[in-house]
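Taken in sequence, the protein lines are chains A, B and C. Terminal number for the first sequence in the working numbering: 343, no gaps in between. Terminal number for the second sequence in the working numbering: 686, no gaps in between. Terminal number for the third sequence in the working numbering: 1029, no gaps in between.
Think of the hints as simulated: they come from the structure by calculation, not from any bench. Every residue, glycine too, gets a C-beta built ideally from N, C-alpha and C. Check the hints yourself; a few may be wrong.
No more than 30 Å apart at the CA atoms, straight line, and that leaves these computed lysine-lysine pairs for DSS-like [claimed, not checked]:
#1 B:K392 / B:K376
#2 A:K315 / C:K1001
#3 C:K719 / A:K293
#4 A:K336 / B:K640
#5 B:K421 / B:K457
#6 A:K315 / B:K376
Sample of chain A residues at the chain C side, in silico, Cβ under 7 Å [what the hints assert, rightly or not]:
#7 H121
#8 S180
#9 N212
#10 R319
#11 L326
#12 L333
Below, each chain spelled out in residue letters.
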Amino acid sequence: MVAMTLAEIATAADAPLRGNGAVIVTGVATLQKARPDQISFLTNPRYRKFLESTQAAAVILSQADAPACKVPVLVSDKPQVTYARVAALFAPSPVACQGIHPSAWVSDQAQVAKEAWIGPHCTVEAGAVIEAGVFVGPNCVVGENAVLGAHSRLIAQVTLCHGVRLGQRVLVHPGAVIGSDGFGLADADGRWIKVPQLGSVWVGDDVEIGANTTIDRGALEDTVLEEGVKLDNQIQVAHNVHIGAHTAVAGCVGIAGSAHIGRHCTLAGGVGIAGHLEIADHVHITGMSLVTKSIAKPGSYSSGLAVEPSRLWNKISARLRRLDDLARRLVALEAKLSTDRDA
Amino acid sequence: MVAMTLAEIATAADAPLRGNGAVIVTGVATLQKARPDQISFLTNPRYRKFLESTQAAAVILSQADAPACKVPVLVSDKPQVTYARVAALFAPSPVACQGIHPSAWVSDQAQVAKEAWIGPHCTVEAGAVIEAGVFVGPNCVVGENAVLGAHSRLIAQVTLCHGVRLGQRVLVHPGAVIGSDGFGLADADGRWIKVPQLGSVWVGDDVEIGANTTIDRGALEDTVLEEGVKLDNQIQVAHNVHIGAHTAVAGCVGIAGSAHIGRHCTLAGGVGIAGHLEIADHVHITGMSLVTKSIAKPGSYSSGLAVEPSRLWNKISARLRRLDDLARRLVALEAKLSTDRDA
Amino acid sequence: MVAMTLAEIATAADAPLRGNGAVIVTGVATLQKARPDQISFLTNPRYRKFLESTQAAAVILSQADAPACKVPVLVSDKPQVTYARVAALFAPSPVACQGIHPSAWVSDQAQVAKEAWIGPHCTVEAGAVIEAGVFVGPNCVVGENAVLGAHSRLIAQVTLCHGVRLGQRVLVHPGAVIGSDGFGLADADGRWIKVPQLGSVWVGDDVEIGANTTIDRGALEDTVLEEGVKLDNQIQVAHNVHIGAHTAVAGCVGIAGSAHIGRHCTLAGGVGIAGHLEIADHVHITGMSLVTKSIAKPGSYSSGLAVEPSRLWNKISARLRRLDDLARRLVALEAKLSTDRDA
């Protein structure tokens, strides 16, 4: 168990402490649940109501929230970032194993760094390169000539197909598939002919890829995730998609082939992006929206509709089906009224 | 092969039989396909038309449908439930294996009950606890300190991450991932810092989790599925979601972080639930709807739109884009007409 | 490395060549990137602008595009099909392994053809039948009595549940699950009772199934994918769905139970299909649309809405919620105006 004083934590997180720095902290917790030896945080205004009664050793919060807090505070203009740093102090550090588990199968034509770990029941095929500090968890498959950059981690049951290249410190969660064939089909008189998928996938440094997310290999050139891209679970990234650096994509998003997403974008859950379009840097798409055309300007875009009681929604939806008619009738009324006046 | 008389089936299913109880039944089948030694059922009015010509030994149906049936009937006020019970009589019982397959790797610091089965190529890590009657199918991963309650079943290729706890009789289908890291990111001047995911997942008794469904571990506290929750395939449950008892969630649903779903709810396919909201008990959301605010009242809610021919839809959609203008023009007309009258 | 002359390629692809047939080609590439020993193609008008400056040995294109090309051309009325054939000449041929990897576990009651390959860490259970030319990649699970037709390929980490039958030349990508239990539940006074899923899955010849796609087994009869069906990644196919021959389904589509989709249909990304409905042959559904009723006529159908700037969308969406009121007010105005005139 890690134990640190508040003063040590303040120094490590580079955030000024107001209160007794000698207090011992052994972990992090929510405002509601924190014990006097745990540090807490306030990043979402929904939870401000718990500030007054918290038992936490200290609370990480913004300057504005500080006065309302009865216990010591760590003031930060980015409380979420400060919290992430503090929580990391108390998170169990990833196991630093070395070697190859006896139940793994590693081709003698693969290169595995001495300081890497290959877990139980893994398959590592010929030509694969596994650099120092890499952790390959249980039951993963590393295909021919795939490359894992230093300190990358495949948690478990991950599939890297042949030739896929991961940068350094890439983190891949269970069930993710990187480098599956793109969905390339040609219509030959009603029968589909497979278009060979000859490209690969290139994943930059510090990318994170969620559980059961799939990233297809390019048809000719590579599918690319630039450095710092973060993908949540259950995402589909089609062939030849290019995602710019530091873009974050939430769960269940689908990105169709050859879409080019800018840097520092965010795609919320369930968004769909059509193929062969360009999205500028700093574009934010809200939940369950559909993008069918390129977006040239930064900003927030939406097309999701929020629920209403079904009975009301059915009425709205029936009216919507006749919207064209309704608009025409309005035009007719306008014309009529204008004629009446002129008459 | 199981063979039972109609009388035995009626007793086992606790449903009154009208007809000859001595008839031998060896299985279940649809109304259209049933042979004279198979029992059938009518639960969906679409199939009522097949009632007259069915060759089944007997039909499970409601009182109202009974008169239209020429063969023996098992009358039930819940024919779907009665059918489920009868079909279970003829379903192959799950294999009751015991022991550890020689190709599995089980840490000597794991506890595996004598009456449990660990299948081929499984990995069971240190501290894992596997109770009596548990079945771990081929190529599963059970992480450190994970707990599988008695009679739980992982069909194949399932990943339980470290510390995840399953209750009793939990059924998990292939490719499901339970306990992957939540998507917790803090924005540090355009670069994402990972927020450590220190909670776990708690799954109640009699929960069923579909193929390739993913359930993230909590950021601090646990993600919770209460008893009797049923999840279909390809669902994403984010960190700190809480799903109340006996709620059923259909395929491709995404539930964002810290959403709290009530008991006895149903979410139809493709629904999206935003984060940090509360949904009351007995709420039903129809297909592909988006919930962005809390729902306090039981009932049915929708925001999905059904298809029209694309040509018509394109017109509707173009009008929709100008709906604000259209509404303003209506207001203007109303004002004009009112002025004209007053004049 | 494969090397062929342009004349040989033209013959193999059955497309007339205009230019020097003696030129040696060693691969395929995009118009922008092709070197003088690579062949390229023009199938999407977006890339026509690169035609003039391409360095390719030759370009596969339509008659209409031929005059604008400065390098030799292979003319085709289906350039996409011709390209697929040419690219296949240069694609690495799938490894033709034979035998069983020593780390695989194969039941002695399974039948594995001599000319088949079972990769590392695979599990093949009793009664499974694996025909000649089949390739089972690493870490796959083939359940009891499952059948893999000749020359089928499971890339890696695939799960075939018990009794599933694949035709010939079926290609299944990593993480796909075929034959998981359908989501069959009966409501017994607020508790869900499992309806046994006693059917299986039947997959026709030349079907392709994408990464992490799931196909549930039928409740009583089989879930069916007819020959030549192509499924992309992350698709959910529920129990007793029937997909007609040569239908293609893009990523993230969800198809609910007992839906019957015709032949030669296309479902674009993110589409949702409700249960128990019929879709005719040659129906095309555009991205993120929802189908809730049967479709009897061929053609294109839509209900997806494309993004607008969020500020505008919020206005539209607020107006939409009051659309019923707006329509009523229009009717009132019409009545008023008509009365005024009559007066």
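Hints not upheld, ascending by number
4, 5, 6
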